[in-house]
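Spelled out, the chains give:
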Amino acid sequence: MANSFLSPTTQIAVAVLLVVAAMVPMLLKRRVRWTAHFFLVLSSALFILPFVWMLSTSLKPESRIFTFPPQWIPSTDVLDAQGRRVVIYRGTEEGLQGRQGVELSVLENGQYLLNIAGKEMKVWPETFEIKQRLGFHWQNYTKAFKQMDFFQNLRNTLFVCFLTVVGTVISSALVAYSFSRIEWPGRNALFVLVLATMMLPYQVTLIPLFVAYRHIGWAGTFKPLIVPTFFGVPFYIFLLRQFFMGVPQDLSAAARIDGCNEFGIFSRIILPLSKPSLATTALFMFLWEWGDFLNPLIYLQDDRQYTLAIALQQFQSQHESAWGPLMAMATVITIPIIILFFFTQKTFIQGITMTGLKG
Amino acid sequence: MTRRERRNLRNGLLFASPYLLGFVAFTLYPIVMSLYYSLCHYNVINPPVWCGLDNFRTLITEDKVFGKSLWNTLYFTVFSVPMGLAIAVGLALLLHQKVWGLAGYRTVFFLPSIVPIVASGVLWLWVLNPQNGLINSTLAMMNIEGPGWIADEYWSKPSLILMSFWSVGSAMVIFLAGLAEVPQSLYEVADIDGAGRLRKFWNVTLPMITPTILFNLVMGLIAAFQYFTQVYVMTAGKGTPADTTMFYALYMYKNAFNYLRMGYASAMAWLLFILVLTATIGVLISSKRWVHYHGE
Amino acid sequence: MREYLWYIVCAVACLVVLVVLWPSEAGSPEEKAALAEGRVVITYWDRHTGHEYEARVKLIEEFNRSQNQVYVRTLPIGSRIEKLLTAIAGGAPPEICSLETAVLAALASQGCFTPLEDFMAAEPYLNEEKFFPHVWAMVRFDGHVWAVPTTTDSTCLLWNKGAFRRAGLDPDRPPRTLNELEEYAAKLTVRSPNGMVEQIGFLPWLPWDVTHMWGCLFGGKWYDPATKRVVCGNDPGIIASLAWQQTFAVNPASRENPPHAIDPTMVSAIPGGGFGEYQSASNPFYTGKVAMITEGEWQVEFTRKYAPDLDWGVAPIPQPEGAPPVAYSPNAVVDAIPVGSKNEEAAKVFLRWFYSPRPNGGASPASDYNYDIQNIPPRREEAMQERFTGHPKFRVFVEQLLTKPAEPYPAIPAMQLMSDDMERQRGYVTLYKITPEDAAHNIEADTNTELERVAKVRGRAAR
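Residue numbers (our numbering), protein chains in the order written: chain A, 5 to 363; chain B, 683 to 978; chain C, 1442 to 1904.
Keep in mind that the hints are not guaranteed to be accurate.
Said to hold, decoys possible - Derived CB-CB ranges, DEER-like:
no., chain 1, residue 1, chain 2, residue 2, range
1, C, ARG1521, B, THR820, 32 to 42 Å
2, C, PRO1470, B, THR960, 50 to 60 Å
3, C, ARG1821, A, THR146, 35 to 45 Å
4, B, VAL760, C, ASN1675, 37 to 47 Å
5, C, PRO1693, A, GLY224, 33 to 43 Å
6, B, LEU717, A, ALA49, 44 to 54 Å
7, A, GLY224, C, ARG1821, 52 to 62 Å
8, C, ASN1698, A, LYS150, 46 to 56 Å
9, B, ARG688, C, ALA1452, 51 to 61 Å
10, A, THR146, C, VAL1450, 32 to 42 Å
11, B, THR684, A, ASN192, 16 to 26 Å
12, A, ALA49, C, ASN1698, 52 to 62 Å
13, C, PRO1766, B, MET765, 52 to 62 Å
14, B, TRP732, C, GLY1763, 49 to 59 Å
It should be emphasised that the hints constitute simulated quantities derived from the structure, not laboratory data.
The C-beta atom is built at its ideal place from N, Cα and C for all residues, glycine as well.
Isolated chain A, as found in the complex (with noise of 0.2 Å):
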């Protein structure tokens, strides 16, 4: 009685054409590099998977979220009737209230009993027919934005991403400065200190760190997770070093000569030529204080300072995950955050040019 909608061979054709599609602006081209091509169209196929299929699950009821193998385009049931066609829910998914909606279960004597909107009546399967069509379940969205104070979330999260972002790029700049183009006794050792600070896993540091904390009185604030940013970050001063590492050190002396002292070295040429190595650490600081579920969980006391990763635990409960509402949460969440990957790969290119001229 129900056709499926696209089988799993007739997707996987789908994907196929569309990655062919998606080449042909690429082909059209002069000097196309046919491997390269098509080596990227292959695995980017297959890097894009996760983010496909968070999207595809927050678009969908509940009833269809796990199905294997997994149906890539959401799609509804719809009852036609003689060329009538209303879109089916069952259980107790929502959308009833006010939308054109049926009901749908099954008698013991093989009829069906359907009830739209209120009115119930019985048919034989033979008088109709369901057919599966694309249908997005936008409910999900609407239910997730009532289930959680988003806008609150947002801000609070936001205000820890600025302000250790600024922090970390500002101090871990200074600190691998200082490792990077001045010799002075001791900085390798004092380097593979900040190294070994990486090295102790959490888990046994997270107890005396949150005692101190609360020992000071921070506890229940958002200071923790941001005034040690402001102190240089163990990754980003690595990650920094060995960029400034590169810059050549004929650059400095000229400036020194010039009459320079050490900051404005640093400031005017460091700190200039460095933009894609800053942009990455900006980046990267921001993505990991956006997703850090953690530290904010440890740290906040009050559901008011929430970040929005914590926010997603509220769509799991002890036997049950609203999936749908979480995915689609999950996607508001990221989507920001591939704009802004978008936006700032450019930076690299940038880069470049710039380098290119001075170096």
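Keeping the supplied structure of chain A fixed, place chains B and C upon it in accordance with the hints.
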């Protein structure tokens, strides 16, 4: 000490002072405390009780799971880190060319690193499903019978290694930044010398990105030794099947927070610390031979 | 000059961003109003998130409206235990928190919760006789009552009537003995021509490991409260239960496997063998991929929600002949007051309200909470309320607790370790790497070593 040396020392310390201050204020205390805990029986609730090297002795002589978790972690690190690096370099090289849709491709390869694991975890289970998962159904089309992946004791670790390749995006971005900072003039010189593509890669590109390789290698090592979140989500932290996915950090987590053996977990952490530090210092010492800083 | 302008622009931009993003103060308007009125404000940390948290918040709001002395603010902290542990270790715990008995057993024995026996004995609705004995056993140990039980569970055998029909079995007759269970499992297991398992009849450790349960159902004894030691090592019931579980896994070295045995690796091929899908419409039991399963009472609500068309039945889990009949109820969720709680009395005012019937003879908020999230109330009288026993399926779950002694997890500090070890050893047994005897022996040895260690440390800390 000459005047210049004195000045350098002053400036060096001045520039490093944020870290030095932060280290004393925020990092030193937890580190010292965890070292102290490792020499104590400590259950988080009650004050620690000194026990000398008891935790270390138990770990090495009695705890069978500890040995397994160490082996699993070494196995994971040895395979996932170098292979992940190679993939990241390869992708970065591809995406450093002027290809149509560059920004889009870069974003796509970075995507798996930003999709929340709670959202993507279910997808990985499907990808690795023995019967109708993505990999096995593809293999079946070629008439190959795929393994049981994450549920199979011989394939569970390779499955997780395979999974880790999906998140090479961040390493790739760092390589891209590294490639962007390779001076164009070097290529021009190589062009004048009549070098081919392969030679240019071997003699210009590769040496010039060795600083970023060093970075990604060291960070990859540190991260792999502490591998936790993905396996916690994928196997609910149970280490199934037959402890083949009981990784070091997972077992440490269980000890610290589920079994309330914080002292024991701290001892584990410090053993791991020594191991990773040794490996890192080894890499750093060897790096003098193979890392090329253009600035020097 | 231009450079300075640039710096100024940057600074101003930062300021603007900060002003826009500056987070609002902690504390909701209601909470501030309550403080202004001079009410005592206390904090409740809920281990639950999602709809269970919402159900709780609804009742707490009712409490806040019902009187003008105490105001309870809530925080969902989720299942990651780090939050509660750091707070307790850092001396900043909430006034009340909800937690599972597995966590309670580990924490309370270290003395980080306030004993509640005096408070509860004085309350007409909270004394020992009101509760199911097995629930009481989970909160009363080391000479104190550590928490007020909020919800409990009951495990039964669920079977898919459609699958029974397809296999030619009577859909209204569940297996009553273990032999029948095996026989049905074999009949209900469907393999495709190429040997893939398409439908599992029954697997003792699906959807999760319940080695403890099978040991109890086989009449085995895991723990002896008198000697405070795990005693499963030579227990014939425990060993028999492990051996019985083993028969469901194909032995790679043997040619003759029982008809109900399947390759355990293939279990993950069934959706729901992993995580996630369990909590959705693709739960293998709903989709017919698994015909029989041992599950808790929450499935009554879940099937209504996710699989309204599923035709299923519920029955007691078969036990071996001669084993004393028992129900299985491993966990409870409880409310406890951490030591260091700033306002114990206010916390007790709230607990008193939550667990007492409403003034006009209505049900207690605790009972409403159970009904809302479809769990079983831990107090006998409340479990017997019409809304719990009126439902033909939910009744079966409740009846188990009403008619038979129920087995909980032993309330020992090493409960987590023991439970993990049971799953580990069972895993090795079903992979035919060790014998059931070895497994029972290992669980006993591992857990007792840990218990001794805990006792030793506690002894030293006390001094």
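The hints, checked one at a time:
no., hint, in the structure
1, ARG1521(C) - THR820(B): 32 to 42 Å, "holds, 36 Å"
2, PRO1470(C) - THR960(B): 50 to 60 Å, "holds, 56 Å"
3, ARG1821(C) - THR146(A): 35 to 45 Å, "holds, 42 Å"
4, VAL760(B) - ASN1675(C): 37 to 47 Å, "holds, 42 Å"
5, PRO1693(C) - GLY224(A): 33 to 43 Å, "violated, 56 Å"
6, LEU717(B) - ALA49(A): 44 to 54 Å, "holds, 48 Å"
7, GLY224(A) - ARG1821(C): 52 to 62 Å, "violated, 41 Å"
8, ASN1698(C) - LYS150(A): 46 to 56 Å, "holds, 52 Å"
9, ARG688(B) - ALA1452(C): 51 to 61 Å, "violated, 34 Å"
10, THR146(A) - VAL1450(C): 32 to 42 Å, "holds, 40 Å"
11, THR684(B) - ASN192(A): 16 to 26 Å, "holds, 20 Å"
12, ALA49(A) - ASN1698(C): 52 to 62 Å, "violated, 42 Å"
13, PRO1766(C) - MET765(B): 52 to 62 Å, "holds, 56 Å"
14, TRP732(B) - GLY1763(C): 49 to 59 Å, "holds, 52 Å"
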